[in-house]
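Colleague: Protein chains in written order, with my numbering: chain A, 1 to 276; chain B, 1 to 299.
No wet-lab data here; the hints were simulated from the structure.
Since this is a predicted model, take the numbers as computed values, not measurements.
Hints may contain errors.
To be verified - Going by beta-carbon spacing under 7 angstroms, a handful of chain B positions derived as facing chain A:
#, residue
1, Gln-51
2, Asn-53
3, Pro-68
4, Val-70
5, Ala-77
6, Pro-81
7, Thr-84
8, Ala-85
9, Trp-140
10, Ala-150
11, Val-154
12, Leu-159
13, Ala-176
14, Ala-224
15, Gln-225
16, Thr-273
As the list claims (entries may be wrong) - Label-pair restraints from in silico Cβ distances:
#, chain 1, residue 1, chain 2, residue 2, range
17, B, Ile-209, A, Ala-13, 44 to 50 angstroms
18, B, Leu-41, A, Leu-140, 29 to 35 angstroms
19, A, Gln-203, B, Val-151, 25 to 31 angstroms
20, A, Leu-140, B, Val-151, 49 to 55 angstroms
21, A, Pro-194, B, Ile-209, 52 to 58 angstroms
22, A, Arg-7, B, Gly-42, 31 to 37 angstroms
23, A, Glu-95, B, Gly-42, 34 to 40 angstroms
24, A, Phe-9, B, Ile-26, 44 to 50 angstroms
Every residue gets a Cβ at the ideal spot worked out from N, C-alpha and C, and that includes glycine.
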Amino acid sequence: MDKSRRRFFSDAARTAGGAALIGLGLGLYARKSASLPAEALRPPGALPERDFVGACVRCGLCVRNCPYDTLELARFEQSIATGTPYFSARDIPCEMCEDIPCVVACPTGALDPALTNIDDARMGIAVLVDQENCLNFLGLRCDVCHRVCPLIDEAITIERQHNARSGKHALMLPTVHAEACTGCGKCEYACVLPEAAIKILPQRLARGAAADHYRLGWEEKRRAGESLVPEDPEHEYHLPEGLDYDHSGDGLVPEELPDTPFPDDPLDTLNQGANP
Amino acid sequence: MNGPRRIPGREAITVKGWWPAYRWLILRRFVQLGILVLFLLGPLAGLWIVQGNINASMVFGLVPLHDPLVLVQSFLAGHVPEVTAITGALIIIAIYLLVGGRAYCAWVCPVNIVTDTAYWLKRRLRLKGSARLSATTRYWLLGTALVVSAVTGVIAWELVNPVSLTYRGLVFGMGAAGLVVLAIFLFDLLVSERGWCGALCPVGAFYSILGRFSIARVSAVNRAQCNDCTDCLKVCPEPHVLKLPVYGADTGASPIVLSPNCTNCGRCIDVCTEDVFRFTTRFEKTHNPIPTLAEETPS
Numbered sequence: 001m002d003k004s005r006r007r008f009f010s011d012a013a014r015t016a017g018g019a020a021l022i023g024l025g026l027g028l029y030a031r032k033s034a035s036l037p038a039e040a041l042r043p044p045g046a047l048p049e050r051d052f053v054g055a056c057v058r059c060g061l062c063v064r065n066c067p068y069d070t071l072e073l074a075r076f077e078q079s080i081a082t083g084t085p086y087f088s089a090r091d092i093p094c095e096m097c098e099d100i101p102c103v104v105a106c107p108t109g110a111l112d113p114a115l116t117n118i119d120d121a122r123m124g125i126a127v128l129v130d131q132e133n134c135l136n137f138l139g140l141r142c143d144v145c146h147r148v149c150p151l152i153d154e155a156i157t158i159e160r161q162h163n164a165r166s167g168k169h170a171l172m173l174p175t176v177h178a179e180a181c182t183g184c185g186k187c188e189y190a191c192v193l194p195e196a197a198i199k200i201l202p203q204r205l206a207r208g209a210a211a212d213h214y215r216l217g218w219e220e221k222r223r224a225g226e227s228l229v230p231e232d233p234e235h236e237y238h239l240p241e242g243l244d245y246d247h248s249g250d251g252l253v254p255e256e257l258p259d260t261p262f263p264d265d266p267l268d269t270l271n272q273g274a275n276p
Numbered sequence: 001m002n003g004p005r006r007i008p009g010r011e012a013i014t015v016k017g018w019w020p021a022y023r024w025l026i027l028r029r030f031v032q033l034g035i036l037v038l039f040l041l042g043p044l045a046g047l048w049i050v051q052g053n054i055n056a057s058m059v060f061g062l063v064p065l066h067d068p069l070v071l072v073q074s075f076l077a078g079h080v081p082e083v084t085a086i087t088g089a090l091i092i093i094a095i096y097l098l099v100g101g102r103a104y105c106a107w108v109c110p111v112n113i114v115t116d117t118a119y120w121l122k123r124r125l126r127l128k129g130s131a132r133l134s135a136t137t138r139y140w141l142l143g144t145a146l147v148v149s150a151v152t153g154v155i156a157w158e159l160v161n162p163v164s165l166t167y168r169g170l171v172f173g174m175g176a177a178g179l180v181v182l183a184i185f186l187f188d189l190l191v192s193e194r195g196w197c198g199a200l201c202p203v204g205a206f207y208s209i210l211g212r213f214s215i216a217r218v219s220a221v222n223r224a225q226c227n228d229c230t231d232c233l234k235v236c237p238e239p240h241v242l243k244l245p246v247y248g249a250d251t252g253a254s255p256i257v258l259s260p261n262c263t264n265c266g267r268c269i270d271v272c273t274e275d276v277f278r279f280t281t282r283f284e285k286t287h288n289p290i291p292t293l294a295e296e297t298p299s
């Protein structure tokens, strides 16, 4: 009896040990799988990655309902969580359907049904990563990324700047505005260079963040309609009579009186001849 | 061993004829492959009867189906699913409560074909030797998968689950998932006989738990006619479920196979020459004649 009991406990301990080991491996793998590679973009409305990997059941209904074959399910060998949907902007970008069929098809809410206006999607942010090769930065008028942008003149604008190289032309610079960019990837897809100069990056890589207490003075001034700090008073010097203040370090110095070898009338100087 | 080796199921063909000796196996493969074909008709032929894969799907764009185990993991990972997913999972639970929990394993799961083939080949090649794994290991693995999901916030088993890897592979493109299928085939063939489905798979463990309450059951209703050929035990993927119902008459055990591990594959019905087995429900009244004194007395 005692023997069989001991055997039972040793068997259970062995199985539990094995399960714990597998659990540890699986857990580490699961943690790793939750870090999405930067070049893989989630479909519109995807929950933040940490929540997404707990909500997406890898059924592929979003993939099937995408009219443009944009989405794919991650394969086992990829470093994206197995079976979850993603797209690569340079291969097929998101066409930003107005009815967002991928979100409608999602049975679990991993693609948030609260997203009803595709312009509110935030799949990533376009960043002009290579200013050395971008044709517009070289002074040409390529403009393709600007032209294909579904939110042209909102998400990408063309900003003029002086072309210092030629000295007489303008640089027309494609400029991304993060508050409007959905990360659809059409700019990256359309970039004419062999390797795109503008790329969609995840928010965490694309953006910095200002500290909460930072205020832009000119913004505050505009909002308030007036400056929030009193105007600087005109600086006045109250120096002793006949003294001046030297800013380069000498401090108080005698006031410099007009001291010049030339008489007031320039004709006198001219008439002086070669030897004064 | 003397004389020609007895191949389980051979005798049934000669006694009952070919169709009765393979009926449930063929029906089962038909359903198994039929469901796969339904999923493939969309991407291959543009005929969208079913969209999605075995984890979750939409039938005729109307009826959602959803794997309940995946939903449980998702819930533990901290996500409250939409009504569509919950509805789909309830439909699936209802179906398997009706047809038998592990009917999923025998009638739907694609890995079943792989492991059945490995078992068949092992017998054919007369490969001896097998690492013994406890049949309860799967429950430990199921618990592990659930704990890992809860701790990491990731639907953990779906990262490696060979069942959905295979299905997703077939419907959406295989990639390295094929290696996982190969690994399971080799594991069953060379390492542990019936090891994956019979001892390890946590999906099978989950459907076993459903099977504890499911209605459709195999019953050894004519066990009195059993001639001890043991073919049923040799073809059964979970032989331990048959022992009491077939041989337990004198202990008063019910002839109904109530063990949750039974997959309702029906292969025992096929191979039995004496028609001991048939499908029934768990509620069927079985007249368990109390053994007479004469029968009880050892001769």
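Colleague: Now tell me if each hint is right for this structure.
Modeller: How the hints compare with the structure:
Given the 7 angstroms rule on beta carbons, the hint for Gln-51 (chain B) holds: about 5 angstroms separates it from the nearest Cβ of chain A. This hint holds: Asn-53 (chain B) has a C-beta 6 angstroms from the nearest C-beta of chain A, less than the 7 angstroms allowed. For the restraint placing Pro-68 (chain B) at the interface with chain A, the shortest Cβ-Cβ distance is roughly 11 angstroms, beyond the 7 angstroms limit, so the hint is violated. Interface restraint check for Val-70 (chain B): the shortest CB-CB distance to chain A comes to about 5 angstroms, inside 7 angstroms, so the restraint holds.
About 3 angstroms separates the beta-carbon of Ala-77 (chain B) from the nearest beta-carbon of chain A, less than 7 angstroms, and the hint is met. A least Cβ separation of about 5 angstroms between Pro-81 (chain B) and chain A falls short of the 7 angstroms threshold, and the interface hint therefore holds. With a cut of 7 angstroms, the hint placing Thr-84 (chain B) at the interface with chain A holds, because the nearest CB-to-CB distance is about 4 angstroms. For Ala-85 (chain B), the interface hint holds, since its Cβ comes within 7 angstroms of a Cβ in chain A; the closest pair sits about 5 angstroms apart.
Of the supplied interface hints, the one on Trp-140 (chain B) holds, with its beta-carbon coming within about 4 angstroms of a beta-carbon of chain A, less than 7 angstroms. Look at Ala-150 (chain B): its Cβ only gets to about 10 angstroms from chain A, farther than 7 angstroms, so that hint breaks. Checking Val-154 (chain B) against chain A: minimum C-beta separation of about 4 angstroms stays under 7 angstroms; hint holds. A least Cβ separation of about 5 angstroms between Leu-159 (chain B) and chain A falls short of the 7 angstroms threshold, and the interface hint therefore holds.
Interface restraint check: Ala-176 (chain B) against chain A, minimum CB-CB distance 4 angstroms, threshold 7 angstroms, status holds. The beta carbon of Ala-224 (chain B) is not positioned within 7 angstroms of any beta carbon in chain A (closest approach about 34 angstroms), and the interface hint is therefore violated. The restraint placing Gln-225 (chain B) at the interface with chain A is violated, with a minimum CB-CB distance near 36 angstroms, outside the 7 angstroms limit. Among the interface hints, the one on Thr-273 (chain B) is violated; its C-beta lies about 38 angstroms from the nearest C-beta in chain A, farther than the 7 angstroms criterion.
Restraint check, Ile-209 (chain B) to Ala-13 (chain A): a C-beta distance of roughly 23 angstroms breaks the suggested window 44 to 50 angstroms. At roughly 50 angstroms, the beta carbons of Leu-41 (chain B) and Leu-140 (chain A) sit outside the given window of 29 to 35 angstroms. Checking the proposed 25 to 31 angstroms range against Gln-203 (chain A) and Val-151 (chain B) shows it holds: the Cβ atoms sit about 26 angstroms from each other. A beta carbon spacing of about 54 angstroms between Leu-140 (chain A) and Val-151 (chain B) agrees with the range 49 to 55 angstroms that was offered as a hint.
A hinted range of 52 to 58 angstroms for the beta carbons of Pro-194 (chain A) and Ile-209 (chain B) is consistent with their spacing of about 56 angstroms. At roughly 53 angstroms, the beta-carbon separation of Arg-7 (chain A) and Gly-42 (chain B) lies outside the given 31 to 37 angstroms, and the hint is violated. The hint said 34 to 40 angstroms for the Cβ distance between Glu-95 (chain A) and Gly-42 (chain B), and at roughly 21 angstroms that hint is violated. Distance hint check for Phe-9 (chain A) and Ile-26 (chain B): the Cβ-Cβ separation is about 46 angstroms, which falls inside the suggested range of 44 to 50 angstroms.
When held up to the earlier numbered hints, the structure conflicts with 3, 10, 14, 15, 16, 17, 18, 22 and 23 and fits the remainder.
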